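Here is what each chain is made of, one letter per residue.
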Amino acid sequence: MKVPFSWLKDYVDIDITPEELQERLFSCGFEVEELKYVGEEIDRCVTGRITSLEKHPDADKLKICRLDCGEYGKDIQIVTGADNVFEGALVPVALDGSSLHGGVKIKKGKLRGVESCGMLCSGEELGINDDWYDGADVNGILILSEGTPVGTDMKKVVGLDDYIFDISVTANRPDCQSVYGIAREVAAVLKKPLKPVDLTYESSDFSTSGRVYVHVEAPDLCPRYIAHYVRGLKIEKSPLWLRRRLALSGLRAINNVVDITNFVLLELGQPMHAFDLSKVEKNEICVRRAKEGEKIVTLDEKEFELTANNLVICDGVKPVALAGVMGGLNSGIAETTAEVLFESAKFERANIRRTSRALGQKSDSSARFEKGVDAYTTGIAINRALNLIEALGCGQIACDRFDIEDKSVAPAVVKTKYSKINALLGIEVPKEEIKNILKRLNFNVSAKGDDITVTAPAYREDIEGYPDLAEEVIRMYGYDHIRGAFLPTAKVTGGGFTDAQRTEERVKRIARGQDYNEIITYSFISPKDYAQLRIGGEAERAIRIKNPIGEDMSIMRTTLAPSMLTTLVRNIRRGNPRARLFELANVYIAKQLPLAEMPEERKTLCFGVYGAGEDFFSAKGVFEAIASEFGIRFAYRAAEKPFLHPGKCAEVLLEGEKVGYLGELAPDIAEGLALEVNVYIGELDFAKLQGSLSSALRFKPLPAHPEAVRDLALVADEEVFCADIEKGISDACKYVTAVKLFDVYRSEQIGAGKKSMAFSVTFTPHENAFKPEDVDGYVKRILKSLGEKFGIALR
Amino acid sequence: MQEHIERIRADIAAGIEKVKDGTRQELFELKMKYLGKTGEISALSKGMRDVPAEQRPAMGKLVSEVRAWAEEQFDQTEALLKKKELEARYKSERIDVTMPARFAETGTLHPVNIVKKEIIECFEGMGFDIYEGPEIEKDYYNFQALNIPADHPARDMQDTFFITGEYLLRSQTSSGQIRVMENKKPPIKILSPGRVYRSDSDATHSPMFHQMEGLVVDKGITLCDLKGILDEFARRMFTKETKTRLRPSYFPFTEPSVEVDLSCHNCGGKGCRICKGTGWIEILGAGMVNRRVLENCGIDPDEYTGFAFGMGLERIAMIKYGINDMRYLFENDVRLLKQFKD
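Protein chains in written order, with this note's numbering: chain A, 1 to 795; chain B, 1001 to 1342.
There may be inaccurate statements among the hints.
[Stated by the list, open to error] FRET-style restraints, in silico, Cβ to Cβ:
{"#": "1", "chain 1": "B", "residue 1": "Ala1043", "chain 2": "A", "residue 2": "Ala758", "range": "34 to 42 Å"}
{"#": "2", "chain 1": "B", "residue 1": "Asp1096", "chain 2": "A", "residue 2": "Lys780", "range": "48 to 56 Å"}
{"#": "3", "chain 1": "B", "residue 1": "Cys1272", "chain 2": "A", "residue 2": "Ala334", "range": "37 to 45 Å"}
{"#": "4", "chain 1": "B", "residue 1": "Asp1096", "chain 2": "A", "residue 2": "Pro706", "range": "55 to 63 Å"}
{"#": "5", "chain 1": "B", "residue 1": "Gly1036", "chain 2": "A", "residue 2": "Ser628", "range": "34 to 42 Å"}
{"#": "6", "chain 1": "A", "residue 1": "Ala704", "chain 2": "B", "residue 2": "Leu1080", "range": "47 to 55 Å"}
{"#": "7", "chain 1": "A", "residue 1": "His481", "chain 2": "B", "residue 2": "Gly1322", "range": "44 to 52 Å"}
{"#": "8", "chain 1": "B", "residue 1": "Ala1088", "chain 2": "A", "residue 2": "Glu718", "range": "51 to 59 Å"}
{"#": "9", "chain 1": "A", "residue 1": "Asp615", "chain 2": "B", "residue 2": "Lys1084", "range": "30 to 38 Å"}
{"#": "10", "chain 1": "B", "residue 1": "Pro1100", "chain 2": "A", "residue 2": "Asp615", "range": "52 to 60 Å"}
Quick caveat, the hints were computed from the structure, so don't treat them as lab data.
Source: prediction; values computed, not measured.
For glycine and all other residues, C-beta sits at the position ideal for the given N, C-alpha and C.
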């Protein structure tokens, strides 16, 4: 929202600097994103009168001017090439050392041997056009009108001596989306009176109703519609003061009628429209939903096919405007327009928003309606427009109008107590202060003891209850009055993590203990990521985003492996020699697609490893570390996964249930990614695991008698799994408490297709100590059992 | 005999002198030669039988003297040799202590999760429960119940990722407020961290990021309580001197709403590059829970009041650790990750 300082000053006596005003606005909720001095580029450029003019002796096209610039020099010589200058003309003079629009610097110099102490300027060189100063568009030097003393700063002459506040207005304050809206806040915060907008005008004795019939068929989308007839129009250029206001706000002047509608939009925040009544058929204006397939060509010559979701303004035959968005080309103001119907309306913002989005058609009007226009302002804006018609003397105003209102605007009334306002704030703002603040903000306040009844100004449609009043009070009273307290009235609560959350933290701690670094990757991935891992089918059961940023972030992942692989590959390509990474995050499992109920969000743990010294078993380490910490036992079973090496891939089981997998990335996939190092990836279904990860600690009595340890070197067929032998040993003797492989050996002597595996077996006695022959007996029993089950023999 | 004793004494002295450069084994052998069961001094004792009775006391004295002397000599030499041996061993076993150690390195938490953990630790002690709501959320929880009506700009397709008309990726952890308040009646003190999603991607925006929502609902909760809690948070997350500043703002689910700034931890409020010369850094949005939101959850807004606050964890991590581009946080370059040993 761009607000010129000078325009604000029309309504409030501002006696502080723009910088100070910026601070004050900030403190009451209006952040000035940019405070810009309009003439910041222009320096040392003043008015000067040409006292003499002669031809340059050595150049046909150049002239030597002598200028009177008052205090800057009574006789300054400047060479110019412009041919519209004359003796006695008042012109802008860029003095030696001056700067102009676009960062141009002017220095004293010689032109064809003649000294020139500056430059005469065109409008363009000052960064202005005709809207700022008549004649500024002329190709040549800007000839100034009489009445300005020589030596006057040009910025003051052409209207550049001003400031623009670019104010960020929060969505709850559409009433501040205008110069006057901001002026109301400025008056309140500076405790100054607000000058009223001039809404007066003289009407003639003809009527609107005698010329046109206006009706609203869709009051739900158009809560208020005002139409006022103006005739005897002279379409012409607006006066300079009006054009300058538009220019300051970044708008170009078009003609008086259009400029008035734009001016009112800027000043009061009400989009206005003017229909050329001579183009309205059957003397009728109707506000209704468009018919399916109905077409309109808007002022910018774009054609739209409409639906019943779009609101249109129609004459007796056809749409003449897309309500709140843009007028139709068929009813626009032309040079010949002699009579208009001024429209000031409140259109329902959601509908304007939807229409604007659906058709891809935007305007200052639609942007403003989307923020919300209040019905009160709709009423005053029409008067302001008519007041300007009169001020510009460009038409005669009808004596009546159509003002169709669904229900009349009833300002919000809040009945509350001073004490309630203060109770929310937690401080004691004096009653008188509360009352004064609300009054300054144009609330009507009647108080009796602690009770107050507050009527909001009609333009404040955001006010609903006492918290809104509390906000009004504190933003004016000052947030620096709020002093920190520490919940003195609240009940004490325990707080803290749930068991599940604590377990997560513990698992992360274990992973870190194994030198794993935590990563965070996006929850959405590309279907291509699945395809690369040859699990393209997964994409079918994944939840799809309707409006993704791109295909690469379009589906909610059902596994963390693709993101892990991407991250490992990025690290490898960046030359990082090794990495151990983990992520604990949700995967998203739809119960059905398209989604009809909340999907399952399953916490999953993913590990990824590469680098010197890493192999399947080092990658397996973190699984065992977790098992060991939580006192559970994982079983591993050779398995296959589409993206893993079929000989180096395991399923992880807990109590017979599959809870995860790990393995080496399939060599052909690695080759495809140009990886020269082995990559290991594994996942654990954390949600499934969680029930088994108890944090309850229990003391187990220490063994009363010494344990016995025996090493057994066993010869087995290659096909026999280590896990099976371990289990065979444990199952064969109830005293076995630990079985640990410590060596694998192959040789000719042992035989082809055989391997020797050395296990260290721990026997723990129960009630009675072992006798030496006991353990020998157990070993015999174990060997017998292994022999029968696996054909294993002692080496 | 006396001569014999003197000779033994001289022999021992000479022998010891020689063995001083030798080993403890040689010394032991020498010792045995004289003091062993069959050694020469032991032989002297045995030879006493042949000494005339009147000389026996004197001779006996001489023998015990020489024995005591010899034992002392051997003990001293033994100690000497032991010392020498140890010195030699020390010398041979000397290592370069500056050579690298072997140790198990520990991994790191992601910086965003370090921040999350620190914030939780800060609030956990104040009695806040931790609640994690669903990321794929219903429109009702993400918007409607939070007083964000159907036509609110925040609901625009360009901001929020939709799955269907009803389901979306939550755009704020505030959705968790509703889920908590629907199931729990005051006193409520929760902290709700998690992933949130918005269709936005540049140096300061990521389509996925993390928020932390705080909510307190009880009797008599005021704006001063909000300020007090956030003051404490600011001191603990940044420095003891860090101050907070509230200024008016707008969120549909709070009224009054405030933007909370922290005094710049880098310059202490004097103004620097990090705070763009203002001395303040915008850190979170907050406010008193809107009455409608309480009503939507079946909590009587005339009996209870509350405050809520929400902050972006990436933003805090960036401010706290001086990271200038949010994208670094999602690249997961191990060189960055390893820097965050907390």
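Taking the hints in turn, this is what the structure says about them:
Range check, Ala1043(B) to Ala758(A): about 58 Å between beta-carbon atoms, so the 34 to 42 Å window is missed. Restraint check, Asp1096(B) to Lys780(A): a C-beta distance of roughly 51 Å satisfies the suggested window 48 to 56 Å. The hinted range of 37 to 45 Å is not satisfied by Cys1272(B) and Ala334(A), whose Cβ atoms lie roughly 58 Å apart. Between Asp1096(B) and Pro706(A), the C-beta spacing of about 41 Å breaks the proposed range 55 to 63 Å.
The given range of 34 to 42 Å is broken by Gly1036(B) and Ser628(A), whose C-beta atoms sit roughly 59 Å from each other. Checking the proposed 47 to 55 Å range against Ala704(A) and Leu1080(B) shows it holds: the Cβ atoms sit about 50 Å from each other. Between His481(A) and Gly1322(B) the beta carbons are some 34 Å apart, a value that contradicts the proposed interval 44 to 52 Å. Checked against the hint of 51 to 59 Å, the pair Ala1088(B) and Glu718(A) passes, with Cβ atoms roughly 52 Å apart.
Separated by about 49 Å at the C-beta atoms, Asp615(A) and Lys1084(B) break the suggested range of 30 to 38 Å. In this structure the supplied range 52 to 60 Å is violated for Pro1100(B) paired with Asp615(A), their Cβ-Cβ distance being about 23 Å.
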